[in-house]
Amino acid sequence: MSLIPIIDLHVIAAEEFAAECFTRSKAVGGLFFAIAGSSARPILRVLALLRGETKIARTSGLGTILLSLLLTPGLAFLFGFYANPRDQYGRSTELQFLSEAAEVTISQLVPATFLLLAPSLLQFSRQADTARDPKLDIFVHAVSPIALLALFGLVLNFQLRTHSHMFSTGDEHEMLCEAGAAEDEVDDIPDRLTPLSAATTLVITTFLITVCGDFMVASLGENQATETVAGTVILPIVTGGADILRSVMAAVRGNTTLAILFSLSSALQVSVLDTPLLGIASFITKKSNPFELVFTIEEAAAITMTLIASLSILQRGKSNYIDGLMAEDLNLNFSVGPAGEQHRYPEMRFIDTESLELVESADYEQQRYAILSHRWEADEVSFDDFQVPSKRADQAGFKKIQFACEQALTDGYRLAWVDTCCIDKSSSAELSEAINSMFNWYQGAGVCYAYLSDVEDVGVRFDGSKWFERGWTLQELIAPSNVVFYSSNWEKLGEKATMTSRLDRITRINAGVLEGSKSLQSVSVAERMSWAAHRKTTRPEDIAYCLMGIFDVNMPMLYGEGSKAFVRLQEEILRNSEDQSLFAWTASEESARNSPFRGLFAASPAEFKHSQNIAPFPRLSAFQTPMTPTNRGIPLTSILSSVRPDAAESSEANNTTNASRRLFVGLNCHRLRNDTQILGIELVSRGGDQYLRTNPHKLFPCSPQGSTTTVYVAKYAASASLDPVPDAERQHAFYFHSLPPNTTVSQVLPASAAAKFTEAQYLLKIGDWVQDKAIILLETPWSLEHVCIVLWAVHVERIQTYDAVFDVVLTSKNRMDTAIAAVRRPSRLLDERIISFGAGKPYLAVALEPTVVRGFDMFMIKVEERQPRTNFERKKVARWNSNVDAAVRVQSL
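The end of the sequence shown is residue 893 by the numbering used here, with every number in the run present.
Just so you know, these hints were derived from the structure itself, not from any lab.
No experiment lies behind these values; they were computed from the predicted model shown.
We put the CB at the ideal spot given by N, CA and C, even for glycine.
Hints are not guaranteed to be accurate.
Mimicking PhoX-like on lysine-lysine, the simulated pairs with C-alpha atoms at most 20 Å apart in a straight line are [to be verified]: (1) Lys609 x Lys536; (2) Lys698 x Lys609; (3) Lys466 x Lys536; (4) Lys536 x Lys564; (5) Lys466 x Lys609; (6) Lys564 x Lys715; (7) Lys862 x Lys765; (8) Lys698 x Lys715; (9) Lys466 x Lys492; (10) Lys391 x Lys425; (11) Lys492 x Lys518; (12) Lys862 x Lys773; (13) Lys399 x Lys492; (14) Lys813 x Lys773.
Using C-beta positions, here's what the derived DEER-type ranges look like [stated by the list, open to error]: (15) Met326 x Glu357: 43 to 49 Å; (16) Arg632 x Met326: 50 to 56 Å; (17) Glu406 x Asn631: 52 to 58 Å; (18) Ser563 x Trp490: 36 to 42 Å; (19) Pro626 x Arg825: 33 to 39 Å.
Using the sequences provided together with the hints, build the complete structure.
Below, the structure is given as structure tokens:
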């Protein structure tokens, strides 16, 4: 609150000094008033730069442009509209201003803005460069600021020569009179300050605003406020308070043109004066990385959209409160939207290659840095060790850090990153964020130095370096576009770009991936897994964590979970990809003997050793069940077959598990150069539609012909034996859900079906009778004839499942054989069959439908007694009794 009177006094002092010292040229006085009123802003931005708060220094420029083009005009329109004189009917009139004035300043602001954003555009177009071009530094820190300052001089000269009348503020008396002030108000105007007192007041108030603003920014940091809020909101308001006050005062006095010119001039000043001076200060003091002052793509977009919005609002030459509200809304959205904290990049800690000190940056994508890839060995320098120079100097791991920094400095990199000392591993949150971001960090590096501590020259020992055996170095080879190999003596061994064929032979990584001409996403999951098949990590969890970037997935770090981390990795891959080559792994023969029953997921990347040449078929069907893991397993929709391609191997499998429980499922993938043959795996039933993989050391060719079915396969399992399924013959059995009172099963035909019928449960199991049909005879109290329910179980071709159809006839025992022989299998499942016993008697309704009972797929037979509609109560009782009987029978199952 103490800033408000200081800002008010600052405005008065600037206005009085301009009026007294530039009596001959009121235009020059007006321009001085516009510039001097915000003199604290460049000072505060330079102070933030000197303290290392580069992001605040940069984003405050963005915030000031938003304030000048949206917030300030918006407030001027709102206050000016309500202070504007009313018409004869008491209605507020629109504010009038010279659109020429706005157009002139906007026309100067547009090229200034594009020149301001030129370094950003150049940086975006050069992000794929392997090393920072020194010419880019020259452009960012010399050519661009000088050009902007030259443009500022040209703009001032142009305005003074052609549009000086727009900046003639006049004295306080004239402005009040133009605004229609009463004579008694004019008499109250205070005497003018002398030039000396005005200058002294101006210097003191500038100093006070600077101190207060600097204190506010520092206190915000202590309260954990974000740098983005400090830069885009707080600092611009503190330093731009005078601009806001001047513009609002001018609008209230009726001079809306002057209010607009004040705000636009402030934006122009930021573009062509403040920001260039900041870049030159950075270049001279070397207090920040050159690219930290380049606007991010979100910030550049916000500036461009703000300029367009401001031009749209000002082009009419009129304004009202709607324009003001619109400007305030846009300012709010642009301040907390595209340039807001939600676009914060993961924080990255660097080593300054000159001073060997740690520096932090959230906008790592805007940095140009070198990165080190190496094998962790004894006596590495930790984050805490690095901050004690006397301690780190004695550690063996410090030598390679020194070498990396010296080489980076030679190559033109001010920043370097080394995983041993740039991550505070005592913070689990920071460690997790770093591991999840590491692939992107290596990918964003200008150069990666691969230090091979066990290689002295590029001879035979290069191929056998242990660097090629470590898990973490896989992404460190693939992610950077430029990898340079160095020996233990820090002598250059070669570059990835010129050693592609040799690296392909050593690592089995696709040459196109190494060259950067082939994206990782175009390589199958199985092939990417095969790259890590021979690699090792110190901790078992790291074999999963080091592959997250390769598969573009993220997951929390849970050290202590062991091999479960690799299962979680596969789950994340499955959530983001439909590539079924994830399941095309083969266990070793020893592992298959010890654990012949497995799940769909591999135990480690080593089981993808022979999967390098597997690729997926394109997924063309739009009607596929998503492979989302459930508590029942992973739903796998594919072509299922009960016939094994190799008969000899089939007999071998028959010795280990029941053949009726086995299936062969095709995966949506194939071997390279053989895209006509589908690869498949063998499954064994655990009961119902749940399966395990068996013979995990083999992949089988499968036929592409057949219908698809969905089964559930366990995610992960490693079992030496398969738990027996209780009475597996219940799968696809028929059972009676309900029978009317006094209705019983008298006989089951043929004998093969009678042997599979359990009277206590009214359950007919699948057996040899399926080759023909089964007949169930029912005796009822309403007729001497028998109700014959004829059942057919139809084996679905190449799939271990059945469909069922039925029919019903009423016949006597004497004519039973003839009646049954005349029955033909229906072409489809009938909804319901009705058997009538004559007038005045109940009739039976028979229906059959598939269902699941106790986890088994079964066919439910429902036999219901129904009365004529005139006897509705007896019908309800009969149904109630049959439901009670059905509940008792289901419990016995």
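Going through the hints against the structure:
1. Lys609 x Lys536: At roughly 13 Å apart (the allowed maximum being 20 Å), Lys536 and Lys609 satisfy the hint.
2. Lys698 x Lys609: holds, 13 Å
3. Lys466 x Lys536: Status holds; Cα separation ~10 Å.
4. Lys536 x Lys564: With Cα atoms ~16 Å apart, Lys536 and Lys564 stay inside 20 Å; holds.
5. Lys466 x Lys609: holds, 18 Å
6. Lys564 x Lys715: holds, 11 Å
7. Lys862 x Lys765: holds, 17 Å
8. Lys698 x Lys715: holds, 18 Å
9. Lys466 x Lys492: holds, 18 Å
10. Lys391 x Lys425: Since the Cα atoms of Lys391 and Lys425 sit roughly 18 Å apart, the hinted pair holds (cutoff 20 Å).
11. Lys492 x Lys518: Status violated; Cα separation ~27 Å.
12. Lys862 x Lys773: The given pair, whose Cα atoms are some 19 Å apart, holds under the 20 Å limit.
13. Lys399 x Lys492: The hint holds at about 16 Å.
14. Lys813 x Lys773: holds, 19 Å
15. Met326 x Glu357: 43 to 49 Å: Holds - the Cβ-Cβ distance for Met326 and Glu357, about 47 Å, lies within 43 to 49 Å.
16. Arg632 x Met326: 50 to 56 Å: Holds, since Arg632 and Met326 (Cβ atoms, about 55 Å apart) stay within the stated range.
17. Glu406 x Asn631: 52 to 58 Å: holds, 56 Å
18. Ser563 x Trp490: 36 to 42 Å: holds, 38 Å
19. Pro626 x Arg825: 33 to 39 Å: holds, 37 Å
This entry does not satisfy hint 11, going by the numbered hints stated previously; all others are met.
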